[in-house]
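Take a look at the letters that make up each chain.
There are 2 protein chains.
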Amino acid sequence: MTDPLPITPRTRLRRAPQRGAFDRATVYAILDAMPLCHVGYVLEGSPVVMPTIQWREGDHVYWHGSAAGRGLKAAVEQEVCLTVSLLDSFVLARSAMHHSVDYRSAMIFGRPLKIQDPDEKAAKLKCLIESLYPGRWDLLRPMTEQEVKATAILSMPIEEASAKIRQRGVVDDEADYARPIWAGVVPVRMQVLEPQADPRNQQGINRPDHASSVELG
Amino acid sequence: MTDPLPITPRTRLRRAPQRGAFDRATVYAILDAMPLCHVGYVLEGSPVVMPTIQWREGDHVYWHGSAAGRGLKAAVEQEVCLTVSLLDSFVLARSAMHHSVDYRSAMIFGRPLKIQDPDEKAAKLKCLIESLYPGRWDLLRPMTEQEVKATAILSMPIEEASAKIRQRGVVDDEADYARPIWAGVVPVRMQVLEPQADPRNQQGINRPDHASSVELG
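Chains A and B, in that order, give the protein sequences.
The first sequence begins at 1 in the numbering used here and counts up by one.
The second sequence begins at 1 in the numbering used here and counts up by one.
Worth flagging that the hints you see were computed from the coordinates, not collected in a lab.
No experiment lies behind these values; they were computed from the predicted model shown.
Treat the hints with caution; some may be incorrect.
[Said to hold, decoys possible] Stretch-level coverage of chain A by chain B, calculated; a stretch enters the list once three of its residues show a Cβ under 8 Å from a Cβ in chain B:
#: 1; segment: 19–32
#: 2; segment: 68–80
[As the list claims (entries may be wrong)] So, partial list: chain B residues that the calculated Cβ filter (under 10 Å) puts toward chain A:
#: 3; residue: Arg24
#: 4; residue: Arg56
#: 5; residue: Gly65
#: 6; residue: Lys164
#: 7; residue: Gly169
Even for Gly, the Cβ is constructed at its ideal location relative to N, Cα and C.
Chain A extracted, bound-state conformation (with noise of 0.2 Å):
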């Protein structure tokens, strides 16, 4: 996990470098943290930013949809840029300039690969439930054949990966901090509230922990 990531012409951070973080571990707990991911392909010439649901495991990076959509066919062996990111706090300084937010964010790039083989699918997507709720799977209502069948899964590697973070608060130049200006910061969260039974429940079902259990940031 301390592995050092290669840092490449893509990832490598030209301003503000001591933003930048180039190791698996940092890399990981941002994408663990969050699992709604930005994926960026290019579809006929242009580019397109897809909002969807991001997984790992070990070091592979996982997301899915319909198999008959075109967005991840679009992706699949092609570049592809899948980027996670969590707001931390708006930074109010004393100058415009120097307003900002921390943040944390991870990118990665690579090819996806679409995954084929019918069990090996239905393991990630049993990976995926347990990633957010643990102990799920088995109470489910076993996966058809026809439900592996419609949904695809890519699969990619994180190798060429970084992470960037700013942490910093306020930061004003130097003569500004004579300023009778309040300067501090925001801090925003996401927050999860208390789960909701749905109403065609049936009777006398008890929530399980893994409803109560979801974690994020």
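Given chain A's structure and the hints, the job is docking chain B onto it.
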């Protein structure tokens, strides 16, 4: 605001067309609810998905960065896709297949222009500051000519755009409702926490209202 947006090959939804919305009011509400966006552009043949802060004024969306950075340079007058996404709920169904998330997202395609005029640039940066922190601009140390010069601002008309919204909660196969499986939703939201004053603030400075009025989501 209720003007329809044209449905183009890039914005038409092939899958789940009932999730699509093509009116400005819906798209603008999503942009205005979340300044964090992901901009996709093509750099030397590869897609790059960059998290950044967007703001809207009328029928244009803006983002900014260092005038020296390669990210903005690569996007100027090129095809980009700007996406804003809000995760609203995790949906726990009775089968793996129907697990989902409720969300709101907006996607804008276009070719951004770089704003050249320094006064127009300053006006747009004022709009950014004021959209997040009403009344703050006039309290700040004024921007210098050099700061305006060092900041690049991209402007893109909102002409080809769509929203995609899932807000349905649990939708299971009819036969599965009879199963003794807990189903429900776990709502999530961006929470804005108490502002934290910079320890280097001058003594006796009151916190302005705009520091505690940030709203997201």
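Verification of the supplied hints:
1. 19–32: Coverage by chain B is violated here, the residue count being 0 at a Cβ distance below 8 Å.
2. 68–80: holds (count 5)
3. Arg24: At about 20 Å, which exceeds the 10 Å cut-off, the nearest Cβ of chain A leaves the hint on Arg24 (chain B) violated.
4. Arg56: violated, 17 Å
5. Gly65: holds, 8 Å
6. Lys164: Holds: closest Cβ of chain A sits about 8 Å from Lys164 (chain B), inside 10 Å.
7. Gly169: With Cβ-Cβ at 7 Å, under 10 Å, it holds.
The structure does not agree with the numbered hints 1, 3, 4 stated previously, though it agrees with the rest.
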